[in-house]
Amino acid sequence: MAKFRTWLPWLLLVAAALVLPAILPPFRLNLLGRFLSLGIVALGIDLIWGFTGMLSLGQGIFFALGGYAIGMHLQLLSLAPGELPEFFGLYGVKQLPAFWQPFQSFVFTGLCIWVLPALVAGVLGYLVFRNRIKGVYFSILTQAALLVFFNFFNGQQKLINGTNGLKTDTARIFGELVGSDAMQRNLFWLTVVLVMAAWLLCRWLTRGRFGDALIAIRDDEPRLRFTGYNPTAYKTLVFAIAGAMAGVSGALYTVQSGIVSPQYMAVPFSIEMVIWVAVGGRGTLIGAVLGAVLINYAKSLVSEQLPETWLFIQGGLFLLVVTALPDGLVGWWRQGGPRHIQAMVGWPPLAPTYPGLDLDPAAQAERQAFSSDVPPGGAP
Amino acid sequence: MTASTAAPLVAPLLELRGVSVSFDGFWALNDLNLSLAPGELRAVIGPNGAGKTTFLDVITGKVRPTKGDVVFRGRSLLGIAEHRIARLGIGRKFQTPRIYQNLSPRRNLELAVKGSHSPFKLLFGSLDSRQRQRVQELLALVGLETHAARRAGSLSHGQMQWLEIAMLLAQDPYVLLVDEPVAGLSEEETERTGALLRSLAGDHTVLVIEHDMDFIRELDCPVTVLHEGHVLCEGTMETVQSDPRVIEVYLGVEDDV
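Protein sequence lines correspond, in order, to chains R and P. Mind the numbering: the first sequence is residues 1 to 380 in my numbering, read in order. Mind the numbering: the second sequence is residues 1001 to 1257 in my numbering, read in order.
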């Protein structure tokens, strides 16, 4: 039975992944795939914020780097020899810039998607953590870094098409258009697999003593340092891992959205990522994925009907979580939130009994002494 | 026993040589000289602002002295990062209990237990049987066996103090620097803490900073009095108490002395 209960969620997930493509229209399925891929960047944020206590407002950097890696590869993929991606013609570029060359290789691109963001995050993180910058200063610094990258990418027309970004849906993989329904279905499945893999990775990282060390850094970093740990190593490592996850997330999001542009490094987008995690539940892992999917799905549904109202709803949701549900939806659920609601509507759940107490002779004696004061059945 | 009789002959384990610390012109420590013999139990007292905590900060590497040197087992500690000093064998207990409240006492100790502290070791390795046994012993020593799986934040104040002492012991340091171990403890807990610290001396060098004079008397060990960042006098509790300078700066204001 216990075994069945551990496997049940996985079975349901696999079943859903197989059934959804058949019942959802391609447009909705594509949306779900995109939002699931955002779950991966959210998992990374949960790892560094929920567990390690570092609030990064710059995950968009790593997200976009992953997106650009796959975007450049797809731009080059379906070109005839000697041809250049179309946009280069607009700016009079005659020769492929040198840093584009390796992206012709799928293997290089596949590595670049996660290794490059991990390296950038690792170097950035090391410099910041070594100087013991933390808390709100760390958040401001990551946001400043995000702006630097955003402005740089926006200005590089001749290198990466600047503000316009790189389109991916007209490229072909194995002769199939990236934007086609069949390819999008495959990408949906790939996303499901990678979200599960990312979740398992995070769970493995946070379960054992390594996870305890992360929590110790969040709760009392100096104490850990005086115990003989070097927090810089842990923080750098975990920030690099979150960067790698953001890169994978960005690549999956790019191929399912059909474009990568500097907008992925816009300040509000990176803040939204943090909101998903806060709403879903910090430090709960599954909450990060749920938060990303639910909020984005709600956003797209609301925006279809009442485009103007979404920002207010999102702001309200964030306020609600900060004030009433500090552990997010999943944290609220795990702490017996539904029972409170049940009790509020006048249908309280049965309280558990304490068999240990019932069998304790001291407790029995006390009860006898107490009940002798009260006539049987006399208690209200 | 051998440590106390041979103390003058044995090279000091930890020595502060003319240490001065200036915070923007304010001298928190002023030409402080102090040496600890291996296995010694030492109490440090002093009025508020005497530099007791800064003194621990200097030893553990949190504050770099403006002048002077800190020598541990024949090696200067200046410029060495805190976590490396901790690994060399200097453990520190903070004034208020500093434990990881969201972890269980067992997991607190498993983080502190002596061994490699590199991220890769923690990810791919696991505790060996000796380390696990040590954790179990320490849980028993501080009476937390039955609470081993609870959230440490839900322990009582006294249990937290003891858990932190256990974490310190788990590191298996040469020197234990203990800052106000009995603050907020009941009388019985204070007594047990005193007995524990006395039993640790010999195998370890223990330095206790405390305000509680009765507790210091109970420890029955050499006392160093700090005042305005330097050592005012050293000696047994009786000698120190009768020293007119001490009475003037510190003990004179205490009613019970």
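None of these hints come from the bench; they were simulated from the model. Treat the hints loosely; a few may be bogus.
Computed cross-link-like contacts, DSS-like style, restricted to lysine-lysine with a CA-CA straight-line distance of at most 30 Å [to be verified]: (1) P:1114 <-> R:158; (2) P:1114 <-> P:1062; (3) P:1121 <-> R:94; (4) P:1121 <-> R:158; (5) R:94 <-> R:158; (6) P:1121 <-> P:1067.
Quick look at which bits of chain P chain R covers, simulated, 3 or more residues with Cβ under 8 Å [unchecked claim]: (7) 1085 to 1097; (8) 1101 to 1108; (9) 1117 to 1125.
All values reported here derive from a predicted model rather than from experimental measurement. C-beta: ideal position from N, C-alpha, C; glycine also.
Verdict on chain R covering the stretch 1085 to 1097 of chain P, criterion of 3 CB contacts below 8 Å: Per the Cβ count (5), the hint holds.
Distance restraint between residue 94 (chain R) and residue 158 (chain R), which requires alpha-carbon spacing of 30 Å or less: Answer holds: residue 94 (chain R) to residue 158 (chain R) is near 10 Å, not above 30 Å.
Restraint check for residue 1121 (chain P) with residue 94 (chain R), where alpha carbons must lie at most 30 Å apart: violated, 51 Å
Assertion that chain R covers the stretch 1101 to 1108 of chain P - criterion: three or more residues, beta-carbon distance below 8 Å: Holds, because 4 residues of the stretch 1101 to 1108 of chain P bring their Cβ atoms closer than 8 Å to Cβ atoms of chain R.
30 Å Cα cutoff - pair residue 1121 (chain P), residue 1067 (chain P): violated, 38 Å
Restraint check for residue 1114 (chain P) with residue 1062 (chain P), where alpha carbons must lie at most 30 Å apart: Status holds; Cα separation ~21 Å.
Pairwise hint evaluation, residue 158 (chain R) against residue 1114 (chain P), where the allowed Cα distance is 30 Å at most: Outside the cut-off at roughly 56 Å; violated.
Straight-line alpha-carbon gap residue 1121 (chain P) to residue 158 (chain R), limit 30 Å: violated, 46 Å
Coverage criterion applied to the stretch 1117 to 1125 of chain P (partner chain R; beta-carbon cut 8 Å; 3 residues): Per the Cβ count (5), the hint holds.
Of the hints listed earlier, those the structure fails to meet are numbers 1, 3, 4, 6, in rising order.
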